[in-house]
Structures are given as C-alpha cells and as structure tokens.
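Enquirer: Each chain, letter by letter, is given below.
Protein chains: 2
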Amino acid sequence: MDIKAYLSSKKSLVDKTLDTLVPSAKMFPTSVHEAMRYSLFAGGKRVRPILAIAAAEALGAKTSGLLPLAGSLELIHTYSLIHDDLPAMDDDDFRRGRPTCHKEYGEAVAILAGDGLLNMAFEVLSDPRRIEAVSGKRLIAIIREIGTASGVLGMVGGQVADMESEGKDVDLPTLEYIHTHKTGALIRASVRVGALYAKAGKRQFAALTRYGELVGLAFQIADDILDLTGNQKELGKDVGSDLKKGKKTFPSFYGLAESRKRAVEVADKAVASLQGFGRAADPLRELAKYIVNRVN
Amino acid sequence: MDIKAYLSSKKSLVDKTLDTLVPSAKMFPTSVHEAMRYSLFAGGKRVRPILAIAAAEALGAKTSGLLPLAGSLELIHTYSLIHDDLPAMDDDDFRRGRPTCHKEYGEAVAILAGDGLLNMAFEVLSDPRRIEAVSGKRLIAIIREIGTASGVLGMVGGQVADMESEGKDVDLPTLEYIHTHKTGALIRASVRVGALYAKAGKRQFAALTRYGELVGLAFQIADDILDLTGNQKELGKDVGSDLKKGKKTFPSFYGLAESRKRAVEVADKAVASLQGFGRAADPLRELAKYIVNRVN
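Going line by line, the protein sequences match chains A and B.
Numbered per my numbering, the first sequence spans residues 7 to 302.
Numbered per my numbering, the second sequence spans residues 7 to 302.
The set of hints was computed from the structure by calculation and includes no laboratory data.
Here the structure is a predicted model, which is why all the values come from computation and not from measurement.
Hints should not be assumed to be uniformly reliable.
[Claimed, not checked] Okay, derived cross-link-like pairs now, DSS-like style, lysine-lysine, Cα gap no bigger than 27 angstroms in a straight line:
#1 A:251 with B:109
#2 B:208 with A:109
#3 A:174 with B:68
#4 A:205 with A:251
#5 A:109 with B:174
#6 B:143 with A:143
#7 B:109 with A:208
#8 A:51 with A:68
#9 A:109 with B:109
#10 A:22 with A:295
#11 B:143 with A:205
#12 A:208 with A:109
#13 B:143 with A:68
#14 B:109 with A:143
#15 B:10 with B:68
#16 A:143 with B:208
#17 B:51 with B:143
#18 B:174 with B:295
[As the list claims (entries may be wrong)] Derived coverage of chain B by chain A (criterion: at least 3 residues anywhere in the stretch with Cβ under 8 angstroms from a Cβ of chain A; other residues may be distant):
#19 88-96
#20 151-157
#21 164-175
#22 224-236
[As the list claims (entries may be wrong)] Short derived list, chain A residues pointing at chain B, Cβ under 8 angstroms:
#23 38
#24 94
#25 153
Glycine residues also receive a C-beta, built at the ideal position from the N, C-alpha and C atoms.
Work out the full structure: start from the sequences and follow the hints.
Expert: Right under this line is the structure:
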C-alpha cells in the first residue's frame, strides 16, 4: 500500500474535522480563538488521529463517526505543545517552522489557548451533536481513556519529570517513565480509542494496546534521533535542542547507531503484534515503519 | 436554618471527597502532585460543590453519589485560580493567605498542576469506579455542562477578556461578558449539575438555571466590593488589586453604595426564582444571602 497517499488522505479528513470542532477565529475574544487555530493548523502530521482511524479500520469499522473523537486527540496534542513551548517550560521559539504560540500571541493568551484546547477535547467528546456514533458506557470509556493519558498520570506527569530531569544524571527507569508518559500515553490511547470505537474484542484490544505501546516507543526513539540528526528546515524547529538543554535521550544512553537499530526493532515488534489481523491492518503496519523512517 | 453549620458540614464532606479524588502527594513526580494538593487544600470555601449539593437537595435527591461530580467543579475552580495567578496573567503572589502556587513551586510546575487539575476533573467524571450514581446520557450531559462552562466559550474566554481589558476603557457589555463568563459560567454550571443529577423537570431546571445565573452575578458584585473594602487578613489576598491593575469593576461603574444595593437586589431575585420550591430549597436561599454578605 501507498502509506504516503494514505496519510495525506486521512490528514485532510482530520483537518476538515478539526476546522469544524474549533470555534471561528472571529469569536470574541478573538485573540484566544486565533491562537488556538494558529497552533492547531500549523501543519501537524495528525499522527494520533490517524492511528485511531487506522486501528478502527484494522477491525473493519467505518470511521466517519470516529473523526470527532480522533480530532479530540489532536486538540490535546496541540495543547501540550503550546504549554511545553512556554518560557517557563522548554522555552522554544519555533515549532513547525513558525514562531511558537506565545511568541505570536504572548504568554497569557498562549497559556489560555492551551487551556482552551485541552478543555475543548472534552467539550467535543461530550457533545451529542458531534459524537453520534458512540454513546453510553463506550463513550465514557473513550473519555476516560483520553483523560487518563492526558492527565497527571500520563502526559502531564511525563512533562514534569522531563523538565525536572534537565541537566541531571537521569537513570534509565526515569527516562523510560518520561517517554512512556510524555509521548507514549497519548499514542497508546489513540490506538485504543480506535479499538474501543470499533468494539474490539478482548484479545484484539490487548494486541492493539501492545501495538500502541511499541509504536509510542518507536516514535520517541525516532524523535530523539531526529533532534540530533534532523534537517532543521524539514523539522521546523531547532536541531540539537535536547543536547543544549542537557536532556537525556535514547542516543545519549545507547549511542546513535544502537538507537537506530532499536527503533527499527521496536517498530518490527509493533508489526508483529498485529499477527492476528488481516490486510485491513496494513495501514497500522505501514504507520509503524513510517514512524521510524520519517524526517520530521 | 443555620447556614454556617450547613456550609461547614458540606465543606467537610467535599474536602473528604477531594482528598480521595486527587492522587497522593508522594506519587512520582512528587512536585506536581504536591502542588495540586497545595492549591486544592488552601482553604477554599467550596462554594461551587456546595451549590451543586444544595440544588440536588432542593429537588429531594440524596447527594452521596453527587460528591465526586461536585468535587470535579472544585478541581476546575482551583486550576483556574492557579493559572489566573501566574506572572503572565494576574501576577498575584498571595492567595488565601499563602504564597500562590507558582511562588511555592515555580511557574512550570504551577502551569502543569493547573493542567493536571483541569484534566483530573474529566478523569473523575469518566471514572465508573467513582461515578456510580449517574451514567449514560445524563452523565454525558453533566460532563458537557462542566466542559462548556470551563472552556473557551466560558471561563477561559472570560479570563482572556478580563486580561485584555486591563487599563482600558471597558464598556458595560464587555464587563458583563467578563463576569458572566469568568465567574458566572461555572457557578451556573454547578447549580445545573446538581439539577441534572437530581433529574430536575424542565421547569425546575429553568428555575435553577435562573437562580445559578443570579447567584453568579451576586457573587461577582460581592467580589468586586470585597476587593475594595475587604479586610486583607480575612480575604487572604491583597486588597485593591483591581484598582491597581486598572480593572473595571461593578463599583467603578456604579459606585460602592449602588453596587451594594445591586448585590442585595440580585440575591433577592435569586431567592425569588425558587418560589416553586419547598423548604428543601432553604439552603439555596440562604446561600444566595451568604454570598453577598460574606467577608472572604
């Protein structure tokens, strides 16, 4: 299959959905609505929503009803980028080749745009006009899946640990905690949201969970490698920022060559976890490979 | 009825609930868990959860199952205080007589503790182990009620408008927008969450909504008056901070005497909106009066 064509067609579906989920930039007070849209439409790859869609497709489900649920994953991802970039946090000036949200709109509006996007995810998830295809217990389970991944036991905890580790001698369990929480939690949740939507059976759900964990890990190793070796223009952000900030990464533990080897191994394991699935899971298989081979 | 005894007994129920909702301060990474608890247990009056409880009681409902839902309102209120106090926002050093969250834990942890609390509200609301008494459509409606009040169409929008109005010549509609969104939205939602929980009929729901809007307005007028005339020790924060920041308030529009008169009138209207309710609504009636007569 042509994974690039697949990614591009799904990305366009997700982008259209996101456009309808977030209020117009003309709404009062305009600054925060503009800022939310500025960061949301900065050219993200939509990896998380696409993982949710591909997981549901792997189980043979039609995915039009999944789109707003998948979109809410991107709202949460975007909020986390805005807050992570703040001066008090990673203090990054560029993201995806453009000034970061606080550079463009000021810190206060950026903090509130992040708050607004995080909150908007749950507004969408609880809006019966948007979420028609799922209801009751299954919808509550999906909200819980996303909430747990996003909160202090997931991404928030990972970001705190990441910041507090800067410039310190971090051990491997702490690095693993950071990775499984800061990036891994929402990627795993994305796959599981697709699985819940498609009414996965117990064994299917376990296999897709395993896939999500491995893909999250592969994504993070690839991210660490890109931060060292990537092309600044393709990445749209500074290269070498982890090194500058004294952040421990996979390459700083294992070296670059070994990290590359591991990324491929982990992606292979992710593919292997889908053994029981048919051709409908091909997009998931290709996504695992794409995630380690990407250039941004 | 003895409203002080009522408030104190409900506050203690809410505090016990909150203690179980938020993870232990010993959890890794401890800083953010400590910071969440530091702000959550800084001596808040628990007005919002108590309004939810009193609204459900007014309809004759048993409220033990409502406690975690009511607690989630306080999680959101606390998150908003932490973020509002940040240097990039209102830049406040004291809250409830103690250093604000970022003064105690640093800005990064404070931002993330706020994020964690906001997110935790939705984690709680979607946790079937905690939310036993409500499910399905009604629970989704409650989540939506809270999400809408908390987000960019509610509190977040109000805070943006408030900040952007500092030092400017604000007109009355803008002041009203700020008040109905920044403070009013969550107070109204609190009453409505109690009503939804207690399966209010259409007319009851409309009456309680009206009550919630009026009490929210009374609360805000009283807050503006307290900022001018309050006792710094009782308030636990600086007096006159609105003036210093060039914020428009009710007293700056109407003068102090007229504002006091309006606060009482609005509280009276709130009481009047409960005409169809029996003695079970007495706590709501007393709460409306308490809210304009409070000293902090």
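Enquirer: Confirm or reject each hint.
Expert: For each hint, the structure was consulted:
{"no.": "1", "hint": "A:251 with B:109", "verdict": "holds, 24 angstroms"}
{"no.": "2", "hint": "B:208 with A:109", "verdict": "violated, 47 angstroms"}
{"no.": "3", "hint": "A:174 with B:68", "verdict": "violated, 52 angstroms"}
{"no.": "4", "hint": "A:205 with A:251", "verdict": "violated, 43 angstroms"}
{"no.": "5", "hint": "A:109 with B:174", "verdict": "holds, 23 angstroms"}
{"no.": "6", "hint": "B:143 with A:143", "verdict": "holds, 9 angstroms"}
{"no.": "7", "hint": "B:109 with A:208", "verdict": "violated, 47 angstroms"}
{"no.": "8", "hint": "A:51 with A:68", "verdict": "holds, 22 angstroms"}
{"no.": "9", "hint": "A:109 with B:109", "verdict": "holds, 24 angstroms"}
{"no.": "10", "hint": "A:22 with A:295", "verdict": "holds, 26 angstroms"}
{"no.": "11", "hint": "B:143 with A:205", "verdict": "holds, 19 angstroms"}
{"no.": "12", "hint": "A:208 with A:109", "verdict": "violated, 46 angstroms"}
{"no.": "13", "hint": "B:143 with A:68", "verdict": "holds, 23 angstroms"}
{"no.": "14", "hint": "B:109 with A:143", "verdict": "violated, 41 angstroms"}
{"no.": "15", "hint": "B:10 with B:68", "verdict": "holds, 21 angstroms"}
{"no.": "16", "hint": "A:143 with B:208", "verdict": "holds, 25 angstroms"}
{"no.": "17", "hint": "B:51 with B:143", "verdict": "violated, 31 angstroms"}
{"no.": "18", "hint": "B:174 with B:295", "verdict": "violated, 32 angstroms"}
{"no.": "19", "hint": "88-96", "verdict": "holds (count 4)"}
{"no.": "20", "hint": "151-157", "verdict": "holds (count 4)"}
{"no.": "21", "hint": "164-175", "verdict": "holds (count 5)"}
{"no.": "22", "hint": "224-236", "verdict": "violated (count 0)"}
{"no.": "23", "hint": "38", "verdict": "holds, 4 angstroms"}
{"no.": "24", "hint": "94", "verdict": "holds, 4 angstroms"}
{"no.": "25", "hint": "153", "verdict": "holds, 4 angstroms"}
The earlier numbered hints that this structure contradicts are 2, 3, 4, 7, 12, 14, 17, 18, 22.
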